[in-house]
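Colleague: Residues per chain are reported as follows:
Protein chains: 2
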Amino acid sequence: MPENVPLAKAFRQTDYQIAGHGTRNVQVLKDALNEVDGQTDSDMYGKGKLIEEFQEKMAEYLGKESAVFFPSGTMAQQIALRIWCDEKGLKKVAYHPLCHLEIHEEDGLKELHHIEPILLADENRVIELEDVVNMEEEISCLLFELPQREIGGQLPDYETLESISSYCREKGIRLHLDGARLFEILPYYQKSVAEVCALFDSVYISFYKGIGGLAGAILAGDEAFTEESKVWKRRHGGDLISLYPYILSADYYFDNRLAKMEQYFVEAKELAELFNQCYAVTTRPAEPVSNMFHVHFQVSKEKLEPILVEIYETTGIGLTSNLREIGENSCYYEVSIGDQYETIPKDRVKKMFEMLDERLT
Amino acid sequence: MPENVPLAKAFRQTDYQIAGHGTRNVQVLKDALNEVDGQTDSDMYGKGKLIEEFQEKMAEYLGKESAVFFPSGTMAQQIALRIWCDEKGLKKVAYHPLCHLEIHEEDGLKELHHIEPILLADENRVIELEDVVNMEEEISCLLFELPQREIGGQLPDYETLESISSYCREKGIRLHLDGARLFEILPYYQKSVAEVCALFDSVYISFYKGIGGLAGAILAGDEAFTEESKVWKRRHGGDLISLYPYILSADYYFDNRLAKMEQYFVEAKELAELFNQCYAVTTRPAEPVSNMFHVHFQVSKEKLEPILVEIYETTGIGLTSNLREIGENSCYYEVSIGDQYETIPKDRVKKMFEMLDERLT
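Sequence lines, in order, name chains A and B.
Here this note's numbering runs 74 ahead of the position in the first sequence, where the first position is 1.
Here this note's numbering runs 74 ahead of the position in the second sequence, where the first position is 1.
The following block holds chain A by itself, in its conformation from the complex (with noise of 0.2 Å):
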């Protein structure tokens, strides 16, 4: 965000921010370092003990039988696709029509693997088993994204997943979680993480969202599936002599932040009841049912970003750095919770609130 937008500008200039959990800069690499003996090894192409020990304790807490670590999402799930539709020699699979894949990859999948991919159920709403049931095209994987991101962070009924799971594995489909936010949705669905990916063939989970890693993903599944991963894993360019400074930081913010989803989950529930109590605004889902949920406010982005900058100022509180329009009078920003909410002094947050509201009456 340009620091000459002025909702940019007056962001960076608040006390305290609402969500999130803090800028990222060097530090938080140094942090992630700070009790790493400088003696270690790095990771050689994929192997060694720093990569092998993360790829193996990961696998374990997901209760897939391998995972590898990729720098990044964009590519671990492209070859996941890759591998099931080559095993069933048909490139097709299906997702939701607002999936990372569609929507924010520049179309690696179509452009580098000439997969087709069939966009299932509304953009608005989660894929339900009906949609999955009434698809008429047969396709080699569904890919599951948990929660929904582009809508607020939506998620199924456990019971629809676990049907889904089942049409899925009776039919020959292969069933793929996109889970870069799975560790999020684990209070609201209160089931283990191994429950959740024993309903999958395949796994990825990323640690850059509420993990608040640098980067990096970890892909799990059975060996041949992993096996195969780490080959087009090399295609792709990702196979990088050292990946230690995403697998350290991965780990490091792994270990300090898996507890404290609850907390997240708890306070999104928090905050989300304080935006619907002011005029002109709601969220995404109304009660959130992970750490994220999008606001809506039924004003012009050009109307609220003079009063959100007013607000930022006078109360040192920061919402968010942008805002995006939908239509002519209305807009909306995306919420994750971090590590700052719980830093910021509740009465500094109510008067915060009392304030949007009363600018919005």
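These aren't lab readings, by the way, just hints derived from the structure by calculation.
Each statement offered as a hint is correct.
It does not matter which identical chain is used: a pair holds within one copy or between any two.
Derived lysine-lysine pairs resembling DSS-like cross-links, with alpha carbons at most 25 Å apart:
(1) 123 x 83
(2) 165 x 184
(3) 83 x 121
(4) 265 x 343
(5) 304 x 184
(6) 104 x 121
(7) 104 x 334
(8) 121 x 131
(9) 375 x 83
(10) 166 x 184
(11) 304 x 131
(12) 343 x 425
(13) 184 x 162
Dock chain B against chain A, hints included.
Modeller: Below, chain B alone, put in the same frame as chain A:
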């Protein structure tokens, strides 16, 4: 290299190692971060001061309009060739039979980009002008690796390079430089990096060979080319939210080691001479043209290993942790001179070579 291989084990226990900059461990990153302010903002998906300033610095250094930072050379080079193929509408390129893309990348160029390579020249020598002129098939791009690593780091005459460059321009063939070890050959050619790069349409350089950084690469060319490369970088899964561990270490070691390339070159020539004075030992090339060369032994790997272990244990100097067989009665390994060579007392080097000569006679 596994700890239980006697040669690797003995090598790790030596006081000095002839080649390289030292162990690849976490300290390499810690040293690079030491003087970086923790409050420095991360790059964000290829944007931000940290990445943009380094890209500009490298573009200026290479004498190219624009430069893009990539996590790996594997990714950068496939993308360069893809862009030139798309430009001409012809998915054919030419390169040396021992090109990195042909032997170390699990056929990513073919599997992801469906580009067909024409292998030029005999694998035991560098590409000459007549190889290019005599090519029967039309191609979009010719990739030139300087120096040709897998044959000991050999180079064509500079005049040959110039004439190939002229020929390609005349014929509408794009010329791409695999400059993984470009810094290392400048002292031999006695040319500025910009003079060499001016012969090529696109250039890739690496930061973990002579420079000794963690990983990462730069791809440089004109603005239209680098802009297109960013789209492919995202498709490959290389547009990470944070690449700064690689950028900061690349920048740090670039500043610290660029001026030492002349020294490494002189030391490589000195060392090669010492090897060539030993019985049953020859270097390839006989006189190095960069900081690297191959050491060939007219002795079987099986016979040589215990001799080297004895030499390491007696002299405290390690030559290599691994040997590659060529047939039954010879073997070789690769040397790249770095910071370590100058730290070894000359009399100890001399004694080590006396012992090597004696044991092989």
